[in-house]
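Student: Take a look at the letters that make up each chain.
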Amino acid sequence: MGLFDLLARWPLLRQVKTGDTTALGETAMSERSRSLEPRTAHADRVVKSICPFCAVGCGQDVHVQDGRILDIEGDADSPVSRGRLCPKGSATFQLVTGTHRVKDVLYRRPGGAEWERIPLEQAMDMVADRVKRTRDATWEATDVHGHDVQRTLGIAHLGGATLDNEENYLIKKLFTALGIVQVENQARI
Amino acid sequence: MPGLGITLGRGGATTFQQDLANADCIVIQGSNMAECHPVGFQWVMEAKERGATVIHVDPRFTRTSAMADLHVPLRVGSDIAFLGGLIRYVLENERYFREYVVHYTNAANILREDYQDAEDLDGLFSGYEREKNRYDPATWQYEGVEGALPAAGHKEVFAEPGAGARGETGGLPPFEAPKDLTLQHPRCVFQVLRRHFQRYTPAIVSKVCGVSEAQFLKVAEALCANSGRERTSAFCYAVGWTQHSVGVQYIRTATILQLLLGNIGRPGGGILALRGHASIQGSTDIPTLFNLLPGYIPMPHCEHSDVLAEYIADHQSDTGWWHHFPKYIVSLLKAWFGDAATAENHYCFSHLPRLTGNHSHMQTVADMADGRLQGYFVMGENPAVGSMNGALQRKGLRQIDWLVVRDLTLIETAEFWRTAPEIQRGDVKTEDIRTEVFFFPAAAHTEKDGSFTNTQRMLQWHHKAVEPPGDARSELHFLYHLGHRLKALYAKSREAKDRPLLDLTWDYPTVGRAGDPDAEAVLHEINGYRVADGAPVSGFAELKDDGSTACGCWIYAGCRAEGVNQTARRKPGREQTWVAPEWGWAWPANRRILYNRASADPEGRPWSERKKYVWWDAAKARWTGEDVPDFIVDRPPGYRPSPEARGMEAHSGTDPFLMLADGRAWLFAPSGLLDGPLPTHYEPLESPVQNALYGQQCNPARREWRRRGNPYHRAWDDPRYPFVLTTYRLTEHHTAGGMSRWLSWLSELQPEQFCEVSPELAHERGLSNGGWATLRTARGDLECRVLVTPRVPTLKLNGTWVHQVGIPYHWGVTGRLRADGANELTAMLADPNVDIQESKALTCDIVPGRQATRARAATGATQPALPPGLPRLHRDSPFLGDVSHAADAQETEES
Chain A
1 MGLFDLLARW
11 PLLRQVKTGD
21 TTALGETAMS
31 ERSRSLEPRT
41 AHADRVVKSI
51 CPFCAVGCGQ
61 DVHVQDGRIL
71 DIEGDADSPV
81 SRGRLCPKGS
91 ATFQLVTGTH
101 RVKDVLYRRP
111 GGAEWERIPL
121 EQAMDMVADR
131 VKRTRDATWE
141 ATDVHGHDVQ
151 RTLGIAHLGG
161 ATLDNEENYL
171 IKKLFTALGI
181 VQVENQARI
Chain B
1 MPGLGITLGR
11 GGATTFQQDL
21 ANADCIVIQG
31 SNMAECHPVG
41 FQWVMEAKER
51 GATVIHVDPR
61 FTRTSAMADL
71 HVPLRVGSDI
81 AFLGGLIRYV
91 LENERYFREY
101 VVHYTNAANI
111 LREDYQDAED
121 LDGLFSGYER
131 EKNRYDPATW
141 QYEGVEGALP
151 AAGHKEVFAE
161 PGAGARGETG
171 GLPPFEAPKD
181 LTLQHPRCVF
191 QVLRRHFQRY
201 TPAIVSKVCG
211 VSEAQFLKVA
221 EALCANSGRE
231 RTSAFCYAVG
241 WTQHSVGVQY
251 IRTATILQLL
261 LGNIGRPGGG
271 ILALRGHASI
281 QGSTDIPTLF
291 NLLPGYIPMP
301 HCEHSDVLAE
311 YIADHQSDTG
321 WWHHFPKYIV
331 SLLKAWFGDA
341 ATAENHYCFS
351 HLPRLTGNHS
361 HMQTVADMAD
371 GRLQGYFVMG
381 ENPAVGSMNG
391 ALQRKGLRQI
401 DWLVVRDLTL
411 IETAEFWRTA
421 PEIQRGDVKT
431 EDIRTEVFFF
441 PAAAHTEKDG
451 SFTNTQRMLQ
461 WHHKAVEPPG
471 DARSELHFLY
481 HLGHRLKALY
491 AKSREAKDRP
501 LLDLTWDYPT
511 VGRAGDPDAE
521 AVLHEINGYR
531 VADGAPVSGF
541 AELKDDGSTA
551 CGCWIYAGCR
561 AEGVNQTARR
571 KPGREQTWVA
581 PEWGWAWPAN
591 RRILYNRASA
601 DPEGRPWSER
611 KKYVWWDAAK
621 ARWTGEDVPD
631 FIVDRPPGYR
641 PSPEARGMEA
651 HSGTDPFLML
661 ADGRAWLFAP
671 SGLLDGPLPT
681 HYEPLESPVQ
691 NALYGQQCNP
701 ARREWRRRGN
711 PYHRAWDDPR
721 YPFVLTTYRL
731 TEHHTAGGMS
741 RWLSWLSELQ
751 PEQFCEVSPE
761 LAHERGLSNG
771 GWATLRTARG
781 DLECRVLVTP
791 RVPTLKLNGT
801 WVHQVGIPYH
811 WGVTGRLRAD
821 GANELTAMLA
831 DPNVDIQESK
841 ALTCDIVPGR
851 QATRARAATG
861 ATQPALPPGL
871 PRLHRDSPFL
881 GDVSHAADAQ
891 ETEES
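Sequences listed follow chains A and B, in order. Residue numbers for the first sequence, in the working numbering: 1 to 189. Residue numbers for the second sequence, in the working numbering: 1 to 895.
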């Protein structure tokens with residue numbers, strides 16, 4: 001490399017030459033920074049989503065490659081959020097991909113001191129069995145005043161404000177058909 | 001919901017976030033919008049850049065206050081006094097929008113002669129039944145109308161005996177009830193309102209709220225100057241208003257004020273309820289709430305027979321939109337019970353279980369703690385941290401046989417048996433807890449298809465991006481497969497009790513290798529379809545009461561019109577009008593501003609060019625404009641009903657509130673509210689001061705849970721707990737922490753629990769910035785760091801200084817960040833209308849250092865006795881005699 005080349009790469013000279021007085025333009029780039037690209041560039045698809053935290057309802061773009069999420073960013077198309085996300089929304093990538101996610105069904109037996117891993121199908125069978133047993137044991141055709149009530153007060157449910165409408169719909173539908181009336185969430189008022 | 005619902009007809013936000021940009025003045029009260037809804041706050045900033053005045057009324061100075069033109073610090077729990085003062089100012093200074101008030105509200109209606117106001121009864125209204133702790137609304141009615149007027153906004157309360165008179169009104173139809181359009185009649189709603197708020201003077205506001213008269217007048221003047229034909233003002237609120245024993249009436253007060261100023265149904269106006277979870281609006285629309293069926297249809301009570309017609313008679317309104325009630329309940333029953341539901345068997349109406357009273361969350365917890373519950377499902381919630389009196393919640397969990405928790409990670413509710421404070425302290429032993437616990441890992445929103453309903457009633461679809469890890473599954477998957485298992489277990493049953501389950505339609509197609517039910521098939525059922533060919537309906541107007549249509553949630557009908565998932569529409573905002581009607585889908589009928597008929601004058605012309613939105617196009621004989629008109633689209637402004645008219649025919653061309661029986665907004669609520677027809681300032685159950693406005697101290701109809709594990713402080717001036725305590729959220733954490741305390745990115749930003757105190761309180765109690773403090777209530781105690789800051793000012797009230805302590809409530813004992821959460825301090829106590837907790841205003845003590853004992857009332861700890869010789873205080877009016885339960889509460893407290 002000749003002296004001339006070396007001099008030509010000197011940022012100050014380049015700034016003067018190109019008139020980039022603030023050094024925020026082309027002169028701030030190096031070979032390395034020129035070749036940098038966002039990790040989302042390799043995404044094979046962008047899946048449209050909505051932020052799961054508060055109820056502003058910001059649009060999210062989920063960048064996916066080979067069945068793996070690369071990153072989650074704000075959706076500039078959304079007329080509500082116009083591409084912005086708050087600190088929580090910006091942490092959605094960690095929320096859905098982080099190591100805190102539990103991947104197995106866990107079971108704690110009465111009096112037990114530890115969790116035990118059990119297969120999903122077995123756990124589903126056990127819960128169905130508990131529901132039937134409790135429901136049958138606590139069924140109330142009529143209440144203490146003789147009113148026809150057709151229900152169980154032995155089982156209750158809490159949750160829903162972070163779930164999808166379709167999920168809430170199945171909760172309400174199934175539990176009502178089972179005669180469970182204590183179906184609640186914190187969305188009061 | 002009923003704060004807005006009873007007054008206007010629907011419980012949802014009246015406007016949408018982008019519309020805030022059109023406001024000339026925005027009052028944010030009961031919300032820290034900049035920190036809790038940061039991205040929505042851009043629309044407030046947009047309005048400010050366009051010249052709007054932004055006002056923040058809040059006990060704490062926050063980032064919202066920093067961006068506002070004016071911050072007004074008021075005492076926690078005094079908002080009705082402040083808003084009532086504004087109403088008085090508007091009325092006394094003739095600043096109301098007269099034409100709007102006369103034509104669009106019930107201001108002109110004349111009330112019965114025997115109605116008595118809080119003015120006459122020292123804080124109570126006529127009809128109070130002391131023994132039952134409740135009101136009979138018979139005297140709150142319009143003159144000439146027999147029976148109670150059905151409260152359209154929130155139907156289930158009018159199933160209460162006396163509140164709905166079986167849904168029938170006798171005498172005159174409501175639209176024929178006598179009115180005085182000059183608003184001069186001494187018994188007209190307008191004059192009753194004026195008298196009711198007469199005593200809410202600037203001086204009283206100052207005395208009750210701790211706000212200077214000058215500051216109060218500045219807010220009043222800004223609001224009045226920015227309302228009227230040419231200008232509009234908006235209100236934003238969040239749980240700072242709702243979580244009080246009189247929370248519904250907070251919202252009622254603001255709604256009345258906005259109606260008087262003519263700000264409802266108009267661009268840049270309205271009331272924006274800021275909800276805190278992605279689908280909290282959705283979870284009341286399709287309710288996981290005990291008292292509702294989808295679409296605000298009430299659950300049947302035990303008084304209802306198996307005859308559907310009788311239940312319908314209780315809920316159908318003779319006039320107004322709820323005249324269509326039979327179509328919605330029949331279509332719902334068809335959606336659920338399919339071919340089994342026939343006209344002969346009342347569409348399986350008897351398959352629905354019956355209510356006998358309050359089955360709300362707090363009551364369930366009390367029942368659990370008393371051993372009356374066996375099984376509990378918790379999906380996406382963390383009551384051990386997020387609900388009142390955390391120790392009592394956990395006591396409940398210890399008494400049940402089995403618990404199912406579904407979440408992303410091992411939250412405190414799943415781990416209550418080994419990490420709870422009472423376990424760590426040794427009060428309870430893990431091996432003694434017999435509860436069987438199942439933890440199911442949940443799929444995240446990126447791992448499933450589905451819709452959220454955001455704060456502006458807008459449904460937005462999120463698409464599945466990847467498969468969930470391991471055995472993680474969606475709730476949709478869990479419920480669908482649980483349902484099939486139960487159907488199989490009961491398949492051979494001949495018992496009547498199992499018929500509903502066996503008749504239940506449950507055949508959704510599944511997709512993918514895990515067998516996920518197709519979320520769009522569920523949305524199809526929610527939207528509604530024709531039974532004959534399964535074709536989706538395009539809106540609720542197509543629903544029928546003859547069994548020919550099925551619909552899972554009538555207010556969502558149209559969300560899948562023409563078989564297209566309207567909630568997944570994503571036409572970029574910049575390619576549409578500012579209303580952006582082709583992004584997502586808002587209920588009802590994709591309307592973005594509700595009651596938008598009111599954006600035009602009675603003749604159908606925009607009130608002003610500047611605030612033009614929806615108007616009558618005489619040439620086309622239709623309503624038209626920027627939005628879907630919230631009105632009968634071809635009803636001319638000049639239409640007047642005949643005296644025999646029923647249903648929607650009974651609404652004239654000038655009645656913009658079509659859900660209400662009389663089509664006009666209810667400044668005064670003849671029914672539907674359990675704690676009075678007009679908002680009245682009551683102190684929180686635990687207050688530093690006596691009620692300065694009335695002898696009645698607290699909401700007379702509030703719900704208490706008087707039990708040893710849930711003790712209350714003295715009504716006011718309790719020397720053991722002299723300071724006000726309020727709870728709040730931070731930007732970097734989410735509710736009970738299940739979605740934030742496990743993330744390193746967020747935990748790094750807000751790593752530790754803290755409380756905020758004023759320099760004056762720090763001086764009085766020897767607290768130092770960055771040091772430790774211990775907070776105590778009768779329920780429990782906790783330690784946290786102290787932030788000494790003038791942001792939580794000490795206020796001068798009526799000559800005495802009131803110190804306030806603020807604490808965020810996100811923390812718990814598992815996860816990356818650990819601390820005893822703020823709800824270890826709070827008590828179970830509720831607003832009567834909606835059973836919401838009072839977690840924003842209570843009293844506490846604070847001392848320096850790490851002195852927490854971690855003893856809990858729920859595990860048998862007792863609180864210090866009142867100093868000897870201190871006079872007994874009755875929580876309710878000394879002039880009206882003892883309210884029995886309140887006297888009992890004192891007994892409990894002192895025992």
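Hints should not be assumed to be uniformly reliable.
Unchecked claim - DSS-like, lysine-lysine: derived pairs with alpha carbons at most 27 Å apart:
| id | chain 1 | residue 1 | chain 2 | residue 2 |
| --- | --- | --- | --- | --- |
| 1 | A | K132 | B | K207 |
| 2 | B | K571 | B | K612 |
| 3 | B | K571 | B | K327 |
| 4 | B | K796 | B | K207 |
| 5 | B | K48 | B | K327 |
| 6 | A | K48 | B | K497 |
| 7 | B | K48 | B | K796 |
| 8 | A | K132 | B | K571 |
| 9 | A | K132 | A | K48 |
| 10 | B | K487 | B | K497 |
| 11 | A | K132 | B | K612 |
| 12 | B | K207 | B | K218 |
Claimed, not checked - If you want the ones that stay clear, here's a sample from chain A, every Cβ over 12 Å from chain B, calculated:
| id | residue |
| --- | --- |
| 13 | R14 |
| 14 | L36 |
| 15 | L95 |
| 16 | V105 |
Think of the hints as simulated: they come from the structure by calculation, not from any bench. A virtual CB, placed ideally from N, CA and C, is assigned to each residue, including glycine.
Student: Name the hints, by number, that the structure is in violation of.
Tutor: The structure conflicts with hints 1, 3, 5, 6, 7, 8, 9, 11, 15, 16, although it agrees with all the remaining ones.
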